[in-house]
Amino acid sequence: MATTDESTGTWFGADGQVSQLRGLLFKAGCLGATLLALFLVFVFLVYVAIDAIEPGTADPAWWATVATTVAGPAIVLSIYYYRFAPRAGEVAYTALGLPVAATLLAGGVSIVFRHIVSPHEWLALVVASLVAYGALEFHGRARDAGALERVVVGAAVIGLTIVGVPGLVPSLRTLLLSLPVLPMAPLALLGTFVVPIGVGAGWSVRRARESDRAGLIAGGVTVAAAAIGAVAGPVVGVSWTTWLVLTTVVGVPVGLYVERVYRGGKGVSGLALPVALAAGVVVCAVIVETAGFAGPDVWIDWEFLTSAHNRTPREAGIYPALVGSVMMIIVVALAAFPVGVGAAIYLEEYAPTSGLSGSIVELIEINIANLAGVPSVVYGLLGLALFVKVGELRPGIVIVGGLTVSLLILPIIIISAQEAIRAVPDSQRRAAYGIGATRWQTVRTVVLPRAMPGIMTGTILALGRAIGETAPLLMVGVAAVVRISPRSFFGLFSAMPRQLYSWAQLAKPDFYHGVLAAGVLVLLVVLLMMNGTAILLRNKYQRRD
Amino acid sequence: MADNQFGRDAVSRRKFIAGTGAVSVAAIAGCSETSDGNGNGDELSGEVIVKGSSTVFPISDEMAQRFMDDHPKVNVTVDPTGSGGGFENHFCPGNADINGASRLIKEEEKNHCAENDVSPIEMHIAGDALTVAVSPENDWVDSMTFDELAQIWGDDSATTWSDVNPDWPDEELKLYGPDTTSGTYDWFTENVNGGTHRTEYEGTEDDNTIIQGLENSPYAMGYFGYAYYSENKDRVKALEIAESEGDDPSAPSLQAASDGTYPLARPLFIYPAEGALEREPVYEFVKFYLENTSADWIADEVGYVPANQDMVDENMTKLENAAGE
Chain A
546 MATTDESTGT WFGADGQVSQ LRGLLFKAGC LGATLLALFL VFVFLVYVAI
596 DAIEPGTADP AWWATVATTV AGPAIVLSIY YYRFAPRAGE VAYTALGLPV
646 AATLLAGGVS IVFRHIVSPH EWLALVVASL VAYGALEFHG RARDAGALER
696 VVVGAAVIGL TIVGVPGLVP SLRTLLLSLP VLPMAPLALL GTFVVPIGVG
746 AGWSVRRARE SDRAGLIAGG VTVAAAAIGA VAGPVVGVSW TTWLVLTTVV
796 GVPVGLYVER VYRGGKGVSG LALPVALAAG VVVCAVIVET AGFAGPDVWI
846 DWEFLTSAHN RTPREAGIYP ALVGSVMMII VVALAAFPVG VGAAIYLEEY
896 APTSGLSGSI VELIEINIAN LAGVPSVVYG LLGLALFVKV GELRPGIVIV
946 GGLTVSLLIL PIIIISAQEA IRAVPDSQRR AAYGIGATRW QTVRTVVLPR
996 AMPGIMTGTI LALGRAIGET APLLMVGVAA VVRISPRSFF GLFSAMPRQL
1046 YSWAQLAKPD FYHGVLAAGV LVLLVVLLMM NGTAILLRNK YQRRD
Chain B
2 MADNQFGRDA VSRRKFIAGT GAVSVAAIAG CSETSDGNGN GDELSGEVIV
52 KGSSTVFPIS DEMAQRFMDD HPKVNVTVDP TGSGGGFENH FCPGNADING
102 ASRLIKEEEK NHCAENDVSP IEMHIAGDAL TVAVSPENDW VDSMTFDELA
152 QIWGDDSATT WSDVNPDWPD EELKLYGPDT TSGTYDWFTE NVNGGTHRTE
202 YEGTEDDNTI IQGLENSPYA MGYFGYAYYS ENKDRVKALE IAESEGDDPS
252 APSLQAASDG TYPLARPLFI YPAEGALERE PVYEFVKFYL ENTSADWIAD
302 EVGYVPANQD MVDENMTKLE NAAGE
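Here the protein sequences line up with chains A and B, keeping their order. 546 is the number of the first residue of the first sequence in this note's numbering; add one for each residue after it. 2 is the number of the first residue of the second sequence in this note's numbering; add one for each residue after it.
Possibly wrong hints are sitting among the right ones.
What the simulated footprint calls covered on chain B by chain A, stretch by stretch (three residues with Cβ under 8 angstroms from a Cβ of chain A suffice, anywhere in the stretch; the number is not a length) [stated by the list, open to error]:
1) 65-72
2) 75-83
3) 206-220
In case anyone wonders, no lab produced these hints; they're calculated from the structure. Cβ coordinates follow ideal geometry from the N, Cα and C atoms, glycine included.
With these hints in hand, go ahead and build the complete structure from the sequences.
In structure tokens:
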């Protein structure tokens, strides 16, 4: 029999009936909030997509062709996978997403080789790094040196090969670059970009298949596919360098994935989806071409991605701003990551936790958290004062923009890195100390490897924020219209959000409807890629536990 | 374990030597001269930084685009910062080569420039018909005099339309205008209001905001350069302007501005820095700019009054004098 307990009585209701009303209301409220948020985001995306694609301008027959040749088969296949072959469905969506993501990545790599590291510079860098690695390896084997000597020799070798002493000793890298004769740009890339990737691909196939022959074939196919570009590239209408990048950055991951699916033998039928889609696109293109159906008047097309701003809306493009954003993000990552992670490691692992100094550390931590909420315009002013007025750098150049934005995301990186480091269980640190490891060894071999995926996730999300920042760029004098991509980190640049902002101000309505929407879509895709990478990293990390 | 057999190195030294040998031969075979042969060494290259008025921006941007078609290696960046903002933050500190202005340079700006050894050269390059516009739904007013404009914009005393004219509705004025950093603001203050400007209005450097404001409220009013009006003629209603009560009011148009019948016609300027003209790309750009100020496309595509031949000649003389020193 139930005990007549007073408090239980009030808790469950005196009449013995449990009221579910409040719970139901609460659930409905949460559902409403979710739906509202999704709806608002959805409306925004649809609005932007309609402006960028203008579906109304297409012939209805065009849409019908697309629906029957591309969308229809995809939907039928999806239903089939969902009902009958869930494993194949998983394969299908990875096989569909991987080429798309890899193509975007290939675009990024092409930008790097075109504007940031020329093929010759890359060749020199790779050769110099190989020499440095060989020298260090040789030193390590030849002498049983102490820690100090290793550090000194390491610094000396890197100094001589890669960095050089400004004004005194040129590095091996610069010496190589000044050679009168170097391999042609595509050949340099073939040797120093494709071959290493081919070796890596061959290696992984060799291990997985446990066969030397399979590994050789994989590596050989990679290099051969890239080398064919000397002939095939001009036929297709792309340069050999573009062909090289495409075959390695897109071909290798896709090839490896297909190989893995076949080897595993599960869900092979999933590979049909991308094939069916590609075939559908080809059929669709042929039908549309022969029947002469007019497609939609899209704003976001190849020309938009590859040309500069133009006073005629239809000819305007985002390319210089895209390159500027990539270069700025490189500066941001190089500047903010080491400083932020270093600060986080100190605050979590070394900083005093008790007494007066402990209170000071706590005060600093609270202030860092506060800084993460300071408006970005303020960081723009800070950057202007620090880098332009005091640092005497020119306003509007890549390095000033990048450093200013890295100030902005520094607090975010510190906080997320601190969280990641804090999530490493204390028991593991104690175990490390227990077997006699020093603090430095513990941090290096136990804490950092465990925390790194979390740190990377936080950093990538912060970089996603950095790539969308406009206000600090306005403050440091990034111009509204820049038609040439920066040639160095000290060149004038524009970034995607800055370009979007200037399109929003132009007088012609086509700019702030069509062109702006296309730019927003490009920015969203780049953001999606960065956030997707962060999610992949996190999933990998969670699985390992 | 099988994994070890394949995970660890099993490449023999002979294979390695053969492989590297083959790669080296391939690399040497594909060698080329490093000094790139496509260098027309005397092709013009460099940077030109243009800041300043957002009214002049459309002309400068079009000039930059056309100039870069001829000289693809010269990076001309154009940025609408407002006339005052450009002088104060970019041009006078020496960080810009050219500043656009929709009014004459002020004395304090000249001093600021002189402190940094920057000497601006004044060049009158085009004319604008400053446009006062209201919502298309506004049916009670078609024209205004300077006096009425000054009553509305001069100070904060007028809050409703009926404060200015009892025939107009008793509804609150919604005013949109350029920011205080803008040369348009300065020109309007000086020439229409007689030296003062109200502070209660929506100030912006983005003229689209003004157009949107006028579209959204029948009781709104704003003023901006003619170029924005010419792109948005169907979205706002421009007022005819008369200087004083008895005059014939005149609608804004480039024709009326150039023959002097439109009272809100005003000159537009660029101010290149004398020192910057010593750099070849800046000199060539300014020369190209001035030569084209009389072109028809200034009226057709940008929406301003092109310069006449006398103005072009005068500017060219100034340019040659400055560069010749």
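For this session: Run the structure past the numbered hints and jot down the numbers of the failing ones, going up.
Result: No numbers; nothing is violated.
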